[in-house]
Every structure is written in structure tokens, then in C-alpha cells.
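Asker: Chain residues, written in single-letter form:
There are 2 protein chains.
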Amino acid sequence: MIAYLVSMDVKPDAIEAFKEASIINARNSLDEPGIARFDFIQGQEDPARFMFIEVYGTEGDVLAHKETDHYKIWRETVAPMMAQPRKGVRYDVVHPEEQAWWSV
Amino acid sequence: MIAYLVSMDVKPDAIEAFKEASIINARNSLDEPGIARFDFIQGQEDPARFMFIEVYGTEGDVLAHKETDHYKIWRETVAPMMAQPRKGVRYDVVHPEEQAWWSV
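Chains A and B, in that order, give the protein sequences.
Going by our numbering, the first sequence wraps up at 212, each residue one higher than the last.
Going by our numbering, the second sequence wraps up at 212, each residue one higher than the last.
I should point out that these hints are in silico values taken from the structure, not numbers from a laboratory.
We put the CB at the ideal spot given by N, CA and C, even for glycine.
You may find that some hints are simply not true.
Pairs of lysine-lysine, BS3-like flavour, derived with a Cα cap of 27 Å [unchecked claim]:
(1) A:K195 x A:K127
(2) A:K195 x A:K180
(3) B:K119 x A:K119
(4) B:K195 x A:K127
(5) B:K119 x B:K180
(6) A:K195 x B:K195
(7) B:K119 x B:K174
(8) A:K195 x A:K119
(9) B:K180 x B:K127
(10) B:K195 x B:K180
(11) A:K195 x B:K127
(12) B:K174 x B:K127
(13) B:K174 x B:K195
(14) A:K174 x A:K195
(15) A:K195 x B:K180
Derived list of chain B stretches under chain A, where covered just means 3 residues or more per stretch with a C-beta under 8 Å from a C-beta of chain A [claimed, not checked]:
(16) 120-131
(17) 134-141
(18) 153-162
(19) 196-206
Here are the simulated distance ranges between beta carbons [what the hints assert, rightly or not]:
(20) A:E205 x B:D117: 24 to 30 Å
(21) B:P188 x A:P193: 34 to 40 Å
(22) B:L171 x A:K195: 30 to 36 Å
With the sequences and hints as input, model every part of the structure.
Answerer: Written out as C-alpha cells, the structure is:
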């Protein structure tokens with residue numbers, strides 16, 4: 109399994125629009141069969157800082173996500189809202205066991 | 109709900125011992141009634157970089173975790189393994205809905 113953590117800093121006047129577009133993306137992404145998790149969280153200290161915690165079964169599932177309409181629409185919609193380019197870091201899952209990640 | 113993301117950089121020769129101690133902590137933490145998630149992941153590019161994704165119901169649950177034996181034992185065990193002090197950042201949960209976070 110692959111956990112992909114994406115950090116995003118958005119322009120302060122775009123926070124609400126960014127949340128709206130990203131909730132739609134998160135909801136649709138959770139319906140992809142290769143996605144176990146697509147958490148969307150907002151910084152407490154800095155409410156213009158957001159993260160996606162995306163958890164995939166395989167590399168193929170990562171590639172499949174990038175081909176979906178909801179990803180492409182999200183990417184185009186939020187591009188002008190970003191204060192700086194988003195940053196993604198990949199992790200391997202250590203715990204819990206694989207099955208537990210699919211229970212959402 | 110509160111998501112607490114903890115970044116940890118460990119000394120290269122302590123990676124396996126750190127994983128062992130942290131898996132025990134993650135497993136016991138998931139048994140706490142106030143903890144919805146306690147994910148433990150390891151960097152793909154930098155295997156000495158780890159993260160906990162800790163998701164709590166309330167601030168009281170965060171405090172309760174810090175009083176548990178398993179947390180105190182983990183903290184003492186891994187202290188000499190850290191390459192630098194660990195960093196925690198708090199987030200509010202935006203999506204999915206609260207109930208979904210408790211299904212692990």
C-alpha cells in the first residue's frame with residue numbers, strides 16, 4: 109500500500125472555494141476501487157494549509173486516480189487558488205495491517 | 109475531531125528498533141476509546157522519515173493519550189533514536205464525515 113501525503117497552501121481569499129472543490133474530489137476519490145482513504149484536513153494554526161492523506165492499494169491505483177475526471181476537474185479548479193505549488197511525499201504503510209485501511 | 113500529524117526523523121541505525129517500538133504504541137493507541145486512527149507510515153525516499161497520523165475525538169482524548177503507559181514507554185524508548193526532535197502539527201478534519209473516521 110502507498111500513502112501519499114499532499115501539502116497545499118492556498119490563497120487566504122480562496123479557502124472556502126478550495127474546501128468546496130476538494131470535498132467533491134475527496135468524496136469521488138473514495139469511490140475509486142483502488143483508493144482506501146482520501147482524508148482532507150485543514151491546519152488549526154494556519155487555516156490556509158491543507159492536506160490530503162491519500163492511501164492506494166498499488167502504483168496502478170495511483171496512476172488510475174490521475175486519469176479520473178474528478179481529479180482533472182479538481183486540479184484545474186484549484187490551480188489559481190494555490191499560494192504555492194503543492195507538495196506530495198510518498199510513504200509505505202507500516203501499521204495497521206493492510207485490511208484495516210480499507211474499512212472506511 | 110482533531111488530526112495530529114507527527115513527523116519523526118530517526119537515526120539510520122535505529123530504524124528497525126524504532127519501527128518495533130512504534131508498532132506496539134500504534135496498536136495499543138488504537139485500543140484507546142478516544143482514538144479513531146493511529147496510522148504509522150515510513151518514507152519511501154527517506155526510510156528514516158516516519159509519520160504518525162493520530163486522529164482524536166476531542167482535546168480530552170489527546171490529553172488522555174499522553175497519560176497512557178504505552179505512550180510513556182514509547183516516548184522513553186525512542187528518545188535516544190531520534191535524529192532530531194519530532195514535530196507535531198494539528199489539523200481539523202474536513203472530510204470524510206466524523207463517523208467514517210471511527211470505522212478502523
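Asker: Which of the listed hints are not met by the structure?
Answerer: 3, 15
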